[in-house]
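Student: The primary structure of each chain is shown beneath.
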Amino acid sequence: MAIDVDSLYRTHGPMVLRRCRRLLRDEAKAVDAMQDVFVEILRRKDTLDDRAPAGLLLTTATNLCLNKLRTMRRKPEDAEDELIHKVASFGESEGAEERTLARRFLDRLFQTQPESTRLIAVLHYVDRLTLEEVAAEVDMSVSGVRKRLRALQAAVPAMQGVA
Amino acid sequence: MLSSHVPDWLLERLAAGELSEGQATALKARLEHAGELHRLAAIEKSNAEILAQLPPSQVVGEIHRRAERAERRAKATRVRLSLGLATACAAGLAVLLFFKVDPEEILLKGSHPPQLRIYRRTTQGPESLDPRQPLRAGDALQIRYLSAQHKYGVIASIDARGTVTMHLPERPGAAVPLQQEGEFALPHSYELDDSPGFERFLFVAADEPFSSTLATDILAKNSTPSDKFAFFAVTFKKATP
Numbered sequence: 001m002a003i004d005v006d007s008l009y010r011t012h013g014p015m016v017l018r019r020c021r022r023l024l025r026d027e028a029k030a031v032d033a034m035q036d037v038f039v040e041i042l043r044r045k046d047t048l049d050d051r052a053p054a055g056l057l058l059t060t061a062t063n064l065c066l067n068k069l070r071t072m073r074r075k076p077e078d079a080e081d082e083l084i085h086k087v088a089s090f091g092e093s094e095g096a097e098e099r100t101l102a103r104r105f106l107d108r109l110f111q112t113q114p115e116s117t118r119l120i121a122v123l124h125y126v127d128r129l130t131l132e133e134v135a136a137e138v139d140m141s142v143s144g145v146r147k148r149l150r151a152l153q154a155a156v157p158a159m160q161g162v163a
Numbered sequence: 164m165l166s167s168h169v170p171d172w173l174l175e176r177l178a179a180g181e182l183s184e185g186q187a188t189a190l191k192a193r194l195e196h197a198g199e200l201h202r203l204a205a206i207e208k209s210n211a212e213i214l215a216q217l218p219p220s221q222v223v224g225e226i227h228r229r230a231e232r233a234e235r236r237a238k239a240t241r242v243r244l245s246l247g248l249a250t251a252c253a254a255g256l257a258v259l260l261f262f263k264v265d266p267e268e269i270l271l272k273g274s275h276p277p278q279l280r281i282y283r284r285t286t287q288g289p290e291s292l293d294p295r296q297p298l299r300a301g302d303a304l305q306i307r308y309l310s311a312q313h314k315y316g317v318i319a320s321i322d323a324r325g326t327v328t329m330h331l332p333e334r335p336g337a338a339v340p341l342q343q344e345g346e347f348a349l350p351h352s353y354e355l356d357d358s359p360g361f362e363r364f365l366f367v368a369a370d371e372p373f374s375s376t377l378a379t380d381i382l383a384k385n386s387t388p389s390d391k392f393a394f395f396a397v398t399f400k401k402a403t404p
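In order, the protein sequence lines correspond to chains A and F.
Heads up: the first sequence runs through residues 1 to 163, numbered per our numbering.
Heads up: the second sequence runs through residues 164 to 404, numbered per our numbering.
If you're looking for bench data, these hints aren't it; they were derived computationally from the structure.
Among these hints, one or two may not hold up.
What the hints assert, rightly or not - Which chain F residues face chain A? A few, computed with CB under 8 Å, are given here:
no., residue
1, H168
2, E181
3, S209
4, N210
5, L217
6, V223
7, E225
8, H227
9, R229
10, A230
11, G301
12, A303
13, E354
Note that CB positions come from ideal geometry on N, CA and C, so glycine has one too.
Work out the full structure, taking the sequences as your base and the hints as a guide.
Tutor: Right, here's the structure in full:
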């Protein structure tokens, strides 16, 4: 897809920044991340289509912010922030003593699609989209989304009981 | 039955005009039912505020700069991988490309050497770093220099994978005329990637024009320049994520 960054930023830049602000809770890092989202879009321009730029930018921003949160190591500010951190850290390798066979199996299970699983979790638990809405956003069946979330809850004990 | 609360995610897509007519109508009905139609107006207001605070003239150039830098890094990585593979094949051995550099060291040369000062951007403002403080992937660094009255300079850095990044100038070329007074901050911050090990910064300065390749060669070969140049080099360890 041909990308006119100036036009794309004027129409969608503020939306991307709001998304990064919400996930990162740090203005300077959010501005940095917002710019990186557009860099990522430029990098992948040959494989993207322009049917839903807002959805694409929001998805890219979410994945990029979750990756940044994994390296930021700051203390969560509140319950929602803590939840975002837990989702962000999903799939991180741990010490051998902490890894159970089930966890290793699930890590392997999600290794092929870790970003989409984290995106599903953020959309449902943080953004409060219903299962049907999440399914529409990620182009999956509702049962597929439910299955991913169940597996995530099983893999991350801290997320059990989260509505 | 759907909840009447409209998530920000869907609100943004509605405001962007990206939903189907049916979805948009249903979402607007939910907003009205919840007495939240004002959230759409708030998005319009926020858009205007953000574009005023971060105008396209400022941001778009930075995006292109970052994209070019990322492309250069990607190309450098491809070249290193090709070289590594070719060497490994020739020798029949696996090759690891690592530069032997002592972390935390500061090297100076010249009767009045220039200086680099590295700051980490934080929510509380810039944090001055010394080489005993490890850097982390994702750190946004601000590079400042003191010219010590030298007229021309080049600033570059290298990571443990051997990737060289130009900071001043941002592309290979002629050394840049230096600000003569006080501590001068480069206009763009530098975000560290996940390369492990270390990041070594080098500032080469002289009173005559010279090419930036001098600095990149010094970094790549871990050497020192001739006596007509002054330089400052500092190496930071990188913490393992």
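Student: Indicate, hint by hint, whether the structure satisfies it.
Tutor: How the hints compare with the structure:
The closest approach between the C-beta of H168(F) and any C-beta of chain A is roughly 7 Å, which is under the 8 Å cut-off, so the hint is satisfied. The interface hint given for E181(F) holds, since its Cβ lies 5 Å from the closest Cβ of chain A, which is under the 8 Å cut-off. For S209(F), the interface hint holds, the least distance from its beta-carbon to any beta-carbon of chain A being 6 Å, beneath 8 Å. The beta carbon of N210(F) comes within 4 Å of a beta carbon in chain A, closer than 8 Å, and the hint placing it at the interface holds.
With its C-beta approaching chain A no nearer than about 7 Å, L217(F) sits inside the 8 Å limit, and its interface hint holds. Hint status for V223(F): holds, given a least beta-carbon distance of 5 Å to chain A, under 8 Å. Because the smallest distance between the Cβ of E225(F) and any Cβ of chain A comes to about 6 Å, under 8 Å, the interface hint for this residue holds. Because the closest C-beta pair between H227(F) and chain A is about 7 Å apart, less than 8 Å, the hint holds.
At its closest, the beta carbon of R229(F) sits 5 Å from a beta carbon of chain A; the interface hint therefore holds under the 8 Å criterion. Here the hint on A230(F) is kept, as its CB sits about 5 Å from the closest CB of chain A, short of 8 Å. At a threshold of 8 Å, the smallest CB-CB gap from G301(F) to chain A is about 4 Å, leaving the interface hint in force. At its closest, the beta carbon of A303(F) sits 6 Å from a beta carbon of chain A; the interface hint therefore holds under the 8 Å criterion.
The restraint placing E354(F) at the interface with chain A holds, with a minimum CB-CB distance near 6 Å, inside the 8 Å limit.
When each numbered hint is compared with the structure, no violation occurs for any of them.
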